[in-house]
Amino acid sequence: MVVEKPTVTQIWKWLDNVPDPEIPVISLVDLGIIRDVQWQGDTLEITVTPTYSGCPATSIINLDIELAMTGHGIKNLSLKRQLSPAWTTDWLSEKGRSKLETYGIAPPQTAGGPDRCPHCQSTDVQRISQFGSTPCKAQWRCADCLEPFDYFKCI
Amino acid sequence: MSNLFEFACRMGDNSLVLGHRVSEWCGVAPVLEEDIALANIALDLIGQTQLWLGLAAEIEGSDRDADALAFRRDVWDFRNLLLVEQPNRDFGHTMMRQFLFDAWHFEMLGALKGSDHTQISAIAEKSLKEVTYHLERSTDTVIALGDGTEESHNRMQNALDRLWPYVGEMFLNDDCDHIDTSSLRPAFDARLADVLGQATLVQPDSTFTHKGGKTGARHTEALGHMLAVMQSLPRAYPDAKW
Ligand SMILES: [Zn+2]
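Sequence lines, in order, name chains A and B. Residue numbering for the first sequence follows the working numbering, starting at 1 and increasing by one per position. Residue numbering for the second sequence follows the working numbering, starting at 1001 and increasing by one per position.
Source of the hints: derived by calculation from the structure; they are not laboratory data. From a predicted model like this one, the values you see are computed outputs, not experimental measurements. Take the hints with a grain of salt, since some may be wrong.
Okay, derived cross-link-like pairs now, DSS-like style, lysine-lysine, Cα gap no bigger than 27 Å in a straight line [to be verified]:
hint, chain 1, residue 1, chain 2, residue 2
1, A, 80, B, 1129
2, A, 153, B, 1129
3, B, 1113, A, 153
4, B, 1113, A, 80
5, A, 99, B, 1129
6, A, 95, B, 1129
7, B, 1241, A, 80
8, A, 99, A, 5
Some but not every residue of chain B turned toward chain A, in silico, with C-beta under 10 Å [to be verified]:
hint, residue
9, 1034
10, 1036
11, 1037
12, 1046
13, 1047
14, 1129
15, 1137
16, 1230
Covered stretches of chain A, going by a simulated chain B footprint (3 or more residues, C-beta under 8 Å) [claimed, not checked]:
hint, segment
17, 48-56
18, 73-85
19, 117-131
Note that beta-carbon positions come from the ideal geometry of N, C-alpha and C, so glycine has one too.
Just chain A, with the same shape it has in the complex:
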């Protein structure tokens, strides 16, 4: 029996439904860490780049990809780690950036800090710390609504 292999486009769609384990409102595709999807014969090869080299979510991400692909009937899967070119927040999708803001996390800006408070849109914001609850975030606060918020670091 010959079974049609799912197309690469289909697989990208499936991957776009796998949430980031730490910020589940965005997908792994939104995060920009899926670098390549291709068939090598009967083996599906997915290339993933880490966000931060010590990010504890990396192994969970690989597990989530495996589970999702197995769930869609993929039998032979090979996950490749790619370090170079190094991940950059420029690879976040536009959809991902707006989902982050709705969720309460200010998306990365090349200026190095958030342009506005994700809660009230005030531009009067101050940095509390360069680091935050996960490697990808920093802590900021809003001088208008007085709420603290996470900022997705720009790297």
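Given the structure of chain A, go ahead and fit chain B with the ligand onto it with the hints provided.
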């Protein structure tokens, strides 16, 4: 042992030992934000360790992996700089040690990024992004504390005086080094002069330097105590999984 294996161990042991030292602050740093920042920096450094020691294991080609290299070698097999094994002491001392290392690490990774060894170049490219961020923070902190109160200024000057004899080892060069580490000194010195100036701190004029960390010839007493803590669990329960 090959030069490349030695070199990968040098890079990996630097980030492992400093990463562990910095993680000792987790839960006890002066304020919550600093606690989180230090834990995040430790995490980056341990992540970089996995890459470097993973490369070392691959070069060695035996059955040792990155974990085996980290947890089953003893003091005399470690190839880290003496600077990074120095105890934390107070927060100011920890941040001065961090700044001195970050300033070297930044130049080192920048040079390694241009290596024609694709794995070394890729690890350096990845790490450099994280280390740029570390250096920005340790620079700000050294300036804020140096040019702070009389108490914080004195503590930072004492930290610099105490750590100064460990600076020279970062620029000693031998056949195992993948690049000429002595060539990094002018850029390091220029940055140091600028930052110490802003921090109102005085660079000691001694050129004496302790050595023996990166060659493994003679570590300080501090490393053995640190490894006893860091390695006790994996040695008590070899190959444990959770
Ligand atoms: Zn606000």
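Subject >> Proposed proximity, residue 5 of chain A with residue 99 of chain A (alpha carbon, max 27 Å) >> reply: It is violated: about 32 Å lies between the C-alpha atoms, which goes past 27 Å.
Original post:
Going by Cβ atoms only, is residue 1230 of chain B closer than 10 Å to chain A?
Top reply: violated, 16 Å
Subject >> Outcome, coverage hint (the segment 117-131 of chain A, chain B; C-beta under 8 Å; three residues) >> reply: holds (count 4)
Original post:
Can the hint on residue 1137 of chain B be confirmed by a CB-to-CB distance to chain A that is less than 10 Å?
Top reply: Where the cut-off is 10 Å and the nearest Cβ of chain A is about 5 Å from residue 1137 of chain B, the hint holds.
Original post:
At a threshold of 10 Å, is the proposed contact between residue 1047 of chain B and chain A supported by beta-carbon distances?
Top reply: holds, 2 Å
Original post:
Taking only the CA atoms, is the gap from residue 1113 of chain B to residue 80 of chain A under or equal to 27 Å?
Top reply: holds, 21 Å
Original post:
Holds or violated: is the Cβ of residue 1034 of chain B closer than 10 Å to a Cβ in chain A?
Top reply: With Cβ-Cβ at 8 Å, under 10 Å, it holds.
Subject >> Given hint residue 1037 of chain B near chain A, where the shortest CB pair must fall under 10 Å >> reply: holds, 4 Å
**OP:** Verify the interface restraint on residue 1129 of chain B: the C-beta must sit less than 10 Å from at least one C-beta of chain A.
**Re:** This interface hint holds because 5 Å falls under the 10 Å limit.
Original post:
Is the hinted pair residue 1241 of chain B and residue 80 of chain A satisfied, with a Cα-Cα distance of at most 27 Å?
Top reply: holds, 24 Å
Subject >> Satisfaction of hint between residue 1129 of chain B and residue 80 of chain A, Cα-Cα up to 27 Å >> reply: Given pair residue 80 of chain A, residue 1129 of chain B holds - Cα atoms ~21 Å apart, limit 27 Å.
Original post:
Can the hint on residue 1036 of chain B be confirmed by a CB-to-CB distance to chain A that is less than 10 Å?
Top reply: This hint holds: residue 1036 of chain B lies near chain A, its Cβ roughly 5 Å from the closest one there, short of 10 Å.
Checked against the numbered hints listed earlier, the structure breaks hints 8 and 16; every other hint is satisfied.
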